[in-house]
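S.K.: Those protein sequences? They're chains A and B, same order as listed.
At the far end of the first sequence sits residue 388, using the working numbering, and the numbering has no gaps.
At the far end of the second sequence sits residue 98, using the working numbering, and the numbering has no gaps.
For the record, the hints were derived by calculation from the structure and aren't laboratory data.
You may find that some hints are simply not true.
According to the in silico footprint, chain A covers these stretches of chain B (three or more CB under 8 Å from chain A) [said to hold, decoys possible]: (1) 9-20; (2) 34-40; (3) 43-49; (4) 53-63.
Keep in mind the model is a prediction, meaning the values are calculated, not measured.
Think of the CB as a built atom: it goes at the ideal place given N, C-alpha and C, for glycine as much as any other residue.
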Amino acid sequence: MSNIRVLVGTRKGAFILTSDGARKRWKVSGPHFAGWEIYHVKGSPIDPNRIYASQSSGWFGQIIQRSDDGGKTWNTPGSTAEELKSPDGMPKGESNKFVYDGIPGTHQWYDGTQHPWEFKRVWHLEPSMNDREHVYAGVEDAALFESKDGGASWNELSGLRKHDTGPKWQPGAGGMCLHTILLDPQDSQRIYVAISAAGAFRSDDGGKTWKPINRGLHSEYIPDPAAEVGHCVHRIAMHQSRPNTLFMQKHWDVMRSDDAGDSWREVSGNLPSDFGFPIDVHAHEPETVYVVPIKSDSEHYPPSSRLRVYRSRTGGNEWESLTKGLPQRNCYVNVLRDAMSVDSLEPCGIYFGTTGGQVYGSADSGDTWKPIVRDLPAVLSVEAQTLP
Amino acid sequence: MIRVILPPHLRTLAGVDGDVELNVNATVTQRSVLDELETRYPMLRGTLRDHVTQLRRPLVRFFACGEDLSHESPDAPLPEAIATGSEPFVIIGAIAGG
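So that you can see chain B by itself, here it is in the shape it has in the complex (with noise of 0.2 Å):
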């Protein structure tokens, strides 16, 4: 089960409270994850990335075990502590203006 967590806008928009959880039945990736998210919540797609392109919104972040990992391969695995649940994916909006 992997664990994410979404930043509150985008949590009131998909209509959840919590943490989302998802199972991933690939390897877990940036991209395999939010695949699935945005599989099980298609509100959020093109919230956090572009519909055509597929890339990263510019004030989208990806953490993961305390790494940024926004820069990243959407293709490289994920850690181990994410595949796992024992770390959630953590996706905020950059404090940026407001």
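In isolation and in its complexed conformation, chain A is listed as follows (with noise of 0.2 Å):
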């Protein structure tokens, strides 16, 4: 029987939940890098047991954890044991040197003025599909790095930060950041981001070049509100069945491409508000799709004080709201873009973190939830892993 490893990134540690495929009884390990900001831990898909971690603090910057043994001992990359006794000197100690490729220039501050890119921390670990040494980072100020050695160093894909459009770039509530990497399992050499507030982006040349696939969106708080960029993204999804059809949360509405981006249309049907942050697709139906509506971009917490999962199975417009287990009153968490991962099993797993630091999982497409946890601090994102 197959088991479940929920991996959970939180403001002060990461957290590893394990069940078998029952998904009833669960088992809590961490905090792993205790005190630190923990923005993502995502697995290898070629081999789960290798796992990168994102740990920052405001004090002592960026640092890259990784595991080769799913997650109970971990070494900066570069850095292990092994690497410190050997005989060809000290390790250089650059896995977490993340530093833009040429002269970064300027994006638009908040104010509307010129403002240096300046890296912050990473938002987002993806390892690649093909190569278990091979990881893409998203990172704030928003830009796309990669490594090919396991995290032990890193090079920018700079033609995204030097498109035509960055110095229009602008950062949302949350930085300027770039959150979200999705690889074509179809197609190794598409890729998709996005990132707050610039918009969405694809590369169809492993990430040389890029452009703006914002046709289609509507932000009436920006000056141009059908702008090329300057939407603020919050997230997309994709089915692996699927490559070129994506769904997305935007800061406000929900949103359904069918042409890998190219154009966009509204989906937000009947949702009670189509504010939000996490959206993901069904492990095994590519039109049921899942998100947490919220009630505005100023109170961050579930519209009537419910914590609703809204679940669609026709790939938006309808929706139905997903209660069982979930608090229905008195109720003011968030659920950040990050915080929600589906598993493979049959039937699909789904689980999601709250700023309350629950993390809820459900063993049945999101008809009854349960908490697997209900007192870590404030989840910041969640991977779930499937095991043979």
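Both chains are given apart, each in its own frame, so use the hints to dock them into the complex.
M.R.: In structure tokens form, the structure reads like this:
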């Protein structure tokens, strides 16, 4: 029987939740990297025991951690115990060296002035589907980096940041972050990313060149609501079997594209609020989509203080609320953009974490929910792994 | 022997329990101490100083013999008591936020 491992990043450390395929009894390990902000933890799709973690601190900056044993032990890549004893001399210690390619240039600041690009942290790590040593990092201030040596060193794919529209990108409330990286399982050259608040971009040449893919997005809070860039995209999701179909949770609006992002249409339908952060797709049903509506951009908690996941089995527009096992009164938590994930068991499991420290799981595609843990630090990210 | 006291989070990162002891084969300055520290513990690179500019991170402070040396030149000799190891070179994270 398969096992499930859920990797949880929080404001004060990482936690690993494990269960057998029944998904009823869970073991919790952690905190790993206690006291540090863990923005994201994700395993390699081809070697699930190879796990990458983004660890950061306002004092000491960015750290990249890597495990090769499913999260039992960790090292900064390139500085393992063996490497520290190597006769070749001490390691370079560059696993946290994120340096923009060339002169960084400027982007738009909150007040409309130009502001220099400054590296702050890694928001998202996306391991390659083909090579466990190859991993992408989405960072703040927005840029895409890649490592081909298991995270020991990083190079910027600077065609993105150097796009003509770069000076028009601006930070969202959480900073100017590249938070979403989607790799096309059928085309190794195709990569999607999303940036707050610039929008979505696609590369068809492995990350060398990029084009904005924001046609159809409408954002009333920016000077030109249909601008080529400037949209606050919160998250994009894709089903592995249909890489040309994308689902997006924008600042406001839930959107869908069926042409690899070339055009988008709104599918918010009957949602009680179309503001929110995460969006995900069922593991086996490419038209089944999940969102967590949030009241508004200034009130980051569920509408009517009821925590509800909404599921559409029609690829959007028609949504049903999923409430069994979720708090339906006095609930004022948020669910952040990287804090929802699905497993690939049958029936599909779905997991999400809240800013109140709960991680909820459903082993029946969202029909019923239970808290796996209730009192973690604020949850920043959740990634489910289905283990053989 | 130079003694260096790291803040708790960096002790964990470097895998050390107490003070770090270093041999510095040069004039004992902030730069030479940090260079040796980062050579011995490469996982600390970038946590105290910027990888490229080598400037101290804004919320990191350096103390020696009860004095805040954070704004001194990194190439100024440290006090004799640091060079002899009778006093530690203390690295702290500024008290801010949480």
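S.K.: Now, for every hint given, state plainly whether the structure supports it.
M.R.: Right, here's what the structure says about each hint:
| no. | hint | in the structure |
| --- | --- | --- |
| 1 | 9-20 | holds (count 4) |
| 2 | 34-40 | holds (count 3) |
| 3 | 43-49 | holds (count 6) |
| 4 | 53-63 | holds (count 3) |
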